[in-house]
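Peer 1: The primary structure of each chain is shown beneath.
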Amino acid sequence: MKIVGISGSNVGSKTRTAINYTIKDLVENYPDVEVVLLDLADYTIQFSDGRNYLEYEGDTKYVAQTIMEADAIIIGTPIFQASIPATLKNIFDLLPVDALRDKVVSMLVTAGSPKHYLIAEQQLKPILSYMKAVLVQTYVFIEEKDFYRNEIINDDILFRINLLVEDTVVLLETYTKIREAKEAEYGF
Amino acid sequence: MEKYRIDQRKGLEFGIYSLGDHIPDPNTGKRISAEQRIHEIIELAKIAEQAGIDFFSVGESHQEYFTTQAHSVVLAAIAQATEKIKIASSSTIISTSDPVRVYEDFATIDLISKGRAEIIAGRASRVGLFDLLGYNLKDYEELYEEKFELLLKINEEESVNWSGQFRAPLKDANVIPRPKAGYLPIWRAVGGPPASAIKAGYAGVPMFLATLGGPVTSFKYSIDAYREAARQNGHNAKELPIATAGLFYTAETTQQAQKEYYPYINEGMKVTNGRGYPKQQFAQGADPRDVLNIGSPQQIIEKILYQHEQFGHQRYIAQMDFGGVPFDKLRKNIELIGTEILPAIKKHTAK
Numbered sequence: 001m002k003i004v005g006i007s008g009s010n011v012g013s014k015t016r017t018a019i020n021y022t023i024k025d026l027v028e029n030y031p032d033v034e035v036v037l038l039d040l041a042d043y044t045i046q047f048s049d050g051r052n053y054l055e056y057e058g059d060t061k062y063v064a065q066t067i068m069e070a071d072a073i074i075i076g077t078p079i080f081q082a083s084i085p086a087t088l089k090n091i092f093d094l095l096p097v098d099a100l101r102d103k104v105v106s107m108l109v110t111a112g113s114p115k116h117y118l119i120a121e122q123q124l125k126p127i128l129s130y131m132k133a134v135l136v137q138t139y140v141f142i143e144e145k146d147f148y149r150n151e152i153i154n155d156d157i158l159f160r161i162n163l164l165v166e167d168t169v170v171l172l173e174t175y176t177k178i179r180e181a182k183e184a185e186y187g188f
Numbered sequence: 001m002e003k004y005r006i007d008q009r010k011g012l013e014f015g016i017y018s019l020g021d022h023i024p025d026p027n028t029g030k031r032i033s034a035e036q037r038i039h040e041i042i043e044l045a046k047i048a049e050q051a052g053i054d055f056f057s058v059g060e061s062h063q064e065y066f067t068t069q070a071h072s073v074v075l076a077a078i079a080q081a082t083e084k085i086k087i088a089s090s091s092t093i094i095s096t097s098d099p100v101r102v103y104e105d106f107a108t109i110d111l112i113s114k115g116r117a118e119i120i121a122g123r124a125s126r127v128g129l130f131d132l133l134g135y136n137l138k139d140y141e142e143l144y145e146e147k148f149e150l151l152l153k154i155n156e157e158e159s160v161n162w163s164g165q166f167r168a169p170l171k172d173a174n175v176i177p178r179p180k181a182g183y184l185p186i187w188r189a190v191g192g193p194p195a196s197a198i199k200a201g202y203a204g205v206p207m208f209l210a211t212l213g214g215p216v217t218s219f220k221y222s223i224d225a226y227r228e229a230a231r232q233n234g235h236n237a238k239e240l241p242i243a244t245a246g247l248f249y250t251a252e253t254t255q256q257a258q259k260e261y262y263p264y265i266n267e268g269m270k271v272t273n274g275r276g277y278p279k280q281q282f283a284q285g286a287d288p289r290d291v292l293n294i295g296s297p298q299q300i301i302e303k304i305l306y307q308h309e310q311f312g313h314q315r316y317i318a319q320m321d322f323g324g325v326p327f328d329k330l331r332k333n334i335e336l337i338g339t340e341i342l343p344a345i346k347k348h349t350a351k
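Residue numbers (UniProt numbering), protein chains in the order written: chain E, 1 to 188; chain B, 1 to 351.
Just so you know, these hints were derived from the structure itself, not from any lab.
All C-beta atoms in this analysis are idealised placements derived from N, C-alpha and C, irrespective of residue type, glycine included.
Please note that the accuracy of each hint is not assured.
[Said to hold, decoys possible] DSSO-like mimics (lysine-lysine), calculated; alpha carbons at most 27 Å apart, straight line:
no.: 1; chain 1: B; residue 1: LYS199; chain 2: B; residue 2: LYS3
no.: 2; chain 1: B; residue 1: LYS279; chain 2: E; residue 2: LYS2
no.: 3; chain 1: E; residue 1: LYS61; chain 2: B; residue 2: LYS138
no.: 4; chain 1: B; residue 1: LYS30; chain 2: B; residue 2: LYS332
no.: 5; chain 1: B; residue 1: LYS220; chain 2: E; residue 2: LYS132
[Claimed, not checked] One-sided excerpt, in silico: chain E residues whose CB lies under 10 Å from chain B:
no.: 6; residue: MET68
no.: 7; residue: TYR130
no.: 8; residue: TYR186
[Said to hold, decoys possible] Beta-carbon label-pair distances, calculated as ranges:
no.: 9; chain 1: B; residue 1: ASN27; chain 2: E; residue 2: PRO114; range: 55 to 63 Å
no.: 10; chain 1: B; residue 1: ALA237; chain 2: E; residue 2: TYR130; range: 28 to 36 Å
no.: 11; chain 1: B; residue 1: SER125; chain 2: E; residue 2: GLN81; range: 33 to 41 Å
no.: 12; chain 1: B; residue 1: PRO24; chain 2: E; residue 2: ASP32; range: 29 to 37 Å
no.: 13; chain 1: E; residue 1: ALA86; chain 2: B; residue 2: ILE176; range: 26 to 34 Å
no.: 14; chain 1: B; residue 1: SER125; chain 2: E; residue 2: GLU144; range: 53 to 61 Å
no.: 15; chain 1: B; residue 1: ARG101; chain 2: E; residue 2: GLU57; range: 47 to 55 Å
no.: 16; chain 1: E; residue 1: ALA184; chain 2: B; residue 2: LEU132; range: 40 to 48 Å
no.: 17; chain 1: B; residue 1: PHE166; chain 2: E; residue 2: GLU144; range: 35 to 43 Å
no.: 18; chain 1: E; residue 1: ASN29; chain 2: B; residue 2: LEU132; range: 43 to 51 Å
no.: 19; chain 1: B; residue 1: ASP98; chain 2: E; residue 2: ASN150; range: 56 to 64 Å
Produce the entire structure from the sequences given, and follow the hints as far as they go.
Peer 2: Structure below.
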């Protein structure tokens, strides 16, 4: 079982901090899971030009391929100009249309204002649904005031990150079992 | 239809095509040599001819796990090895080729085969060949349109005057040799959304439609759009042949066909497209309403006749060698086509 955590911006610290907590929780509670962190700030990724993802090179290919190999993905995103950042949208554009089929995807959002609460609901979820992801419906929304110097200081957030990780793993295990049982019926 | 060597009285034409993929057999993990693969493709054309199959074509793919990049050379060998089966490319990537050279090659194949060659010109679904052959991906659309137009012009005019963006101009150029009948059937390869089919209709050229999976009705939409666009632009849609191309595998029972073929399609898709074939989608492929022609001969007959009823197409071509299917299995497929599928299809579609 492979879970990829994505920190979806090439700038700032809050999303990365929140993803760090998430990954730490994942590793501590589910030691058998293979966990990979993709902080988009660490890679030089070209803009999508529509080619098959295998045909990209370097960091672009590595990031696309790592996501394609995942069983589940935890996406962390900040909110820029009332939407997801271009760096994250570009990742979706690099992948095939139904790239997220049979993959469980969960989300956490960092934002400077509580007014951004529904952006993941209205802008991120439709993309993930179009790409056929199995969604963990509830996401963790974290505001600027919950952070202090690269740490999360609101214990309630940590509690909810813990639930997000659990929901992701439980949904993945459940969905995989159901799918495998169905596939076993096919006889091929 | 005569211009395209299609005689509808004989019913739906049945063909075989290969992309020349060169993939390890997932059951053994072993890959045959490129030499053996090419010889097997030539042999496949020979046994297809013996089974009464109408058409055989080979495509070019300039990427890992493929072996017929020089597809016109392979087709020349097939022309020499066979006597009556029609032969074509599926497809020639005209965008990254010189139409003059392509025409010279295929006119020569037509002469070697004594009038059996056709060209199916496409624009590539994968784009690695743009770098390899020295073209700019930014010109993807325009390269195809301009070069396809030139190809048609060379086919229609013995002395060509032409100028364009991507090739030196031609002044009173005689592109020789000429094919046996003076011209070649040239088809436009179409995949994906109806927009591409509409362009083929506007141009009034025959359409080769890739139907890789999904409901028959979604492809009917492209076919209807093609005919409508042709009519709107003053072409007689009744005179324009349509061919469909798709995945094929048959065995005694549908279950056996699925069981035998799934590892090939799944592994083949993984290595060439980066994603396996979802099992649920493959299982659904057995439904008569799905375009995937995988099943028992009876199931496939039913499917092809349903597709014919929906599409009213003139030719269907089957891709059965994708994913490293070993040759004895291909032989078995050809045998079932020749003895069971072909006679039934001809019986029901001949006029």
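Peer 1: So, for every hint listed, does it hold in this structure?
Peer 2: Hint check:
1. Proximity of LYS199 of chain B to LYS3 of chain B is assessed by CA-CA distance (about 20 Å); at most 27 Å being required, the pair is judged to hold.
2. At most 27 Å may separate the alpha-carbon atoms for a hinted pair to count; LYS279 of chain B and LYS2 of chain E meet this at roughly 20 Å.
3. About 20 Å separates the Cα atoms of LYS61 of chain E and LYS138 of chain B, which keeps this hinted pair within 27 Å; it holds.
4. Straight-line distance between C-alpha atoms of LYS30 of chain B and LYS332 of chain B comes to about 21 Å, which keeps the hinted pair within the 27 Å bound.
5. Under the criterion of a C-alpha separation no larger than 27 Å, the hint pairing LYS220 of chain B with LYS132 of chain E is consistent with the structure, at around 25 Å.
6. Below 10 Å, beta-carbon pairs count as interface contacts, and MET68 of chain E has one with chain B at about 6 Å; its hint therefore holds.
7. Taken as an interface hint, TYR130 of chain E does not check out: its beta carbon lies about 16 Å from the nearest beta carbon of chain B, beyond 10 Å.
8. The beta carbon of TYR186 of chain E comes within 5 Å of a beta carbon in chain B, closer than 10 Å, and the hint placing it at the interface holds.
9. Evaluation of the 55 to 63 Å hint for ASN27 of chain B and PRO114 of chain E yields a pass: the beta carbon distance comes to about 57 Å.
10. Take ALA237 of chain B and TYR130 of chain E: their Cβ atoms lie about 34 Å apart, and the range 28 to 36 Å holds.
11. For the pair SER125 of chain B and GLN81 of chain E, the beta carbons lie near 35 Å from each other, so the given range of 33 to 41 Å is met.
12. For PRO24 of chain B and ASP32 of chain E, the hinted distance range of 29 to 37 Å is satisfied, since their beta carbons lie about 30 Å from each other.
13. Look at ALA86 of chain E against ILE176 of chain B: about 54 Å separates their beta carbons, and that is not inside 26 to 34 Å.
14. Range check, SER125 of chain B to GLU144 of chain E: Cβ separation about 46 Å, and the 53 to 61 Å hint is violated.
15. About 30 Å separates the C-beta atoms of ARG101 of chain B and GLU57 of chain E, a value inconsistent with the hinted range of 47 to 55 Å.
16. For the pair ALA184 of chain E and LEU132 of chain B, the supplied restraint of 40 to 48 Å holds, since their beta-carbon distance comes to about 43 Å.
17. The hinted range of 35 to 43 Å is not satisfied by PHE166 of chain B and GLU144 of chain E, whose Cβ atoms lie roughly 53 Å apart.
18. Between ASN29 of chain E and LEU132 of chain B the Cβ separation comes to about 48 Å, which falls inside the hinted range of 43 to 51 Å.
19. Separation of ASP98 of chain B from ASN150 of chain E is about 59 Å and conforms to the stated range, judged on CB atoms against 56 to 64 Å.
Hint violations for this structure: numbers 7, 13, 14, 15 and 17, all remaining hints satisfied.
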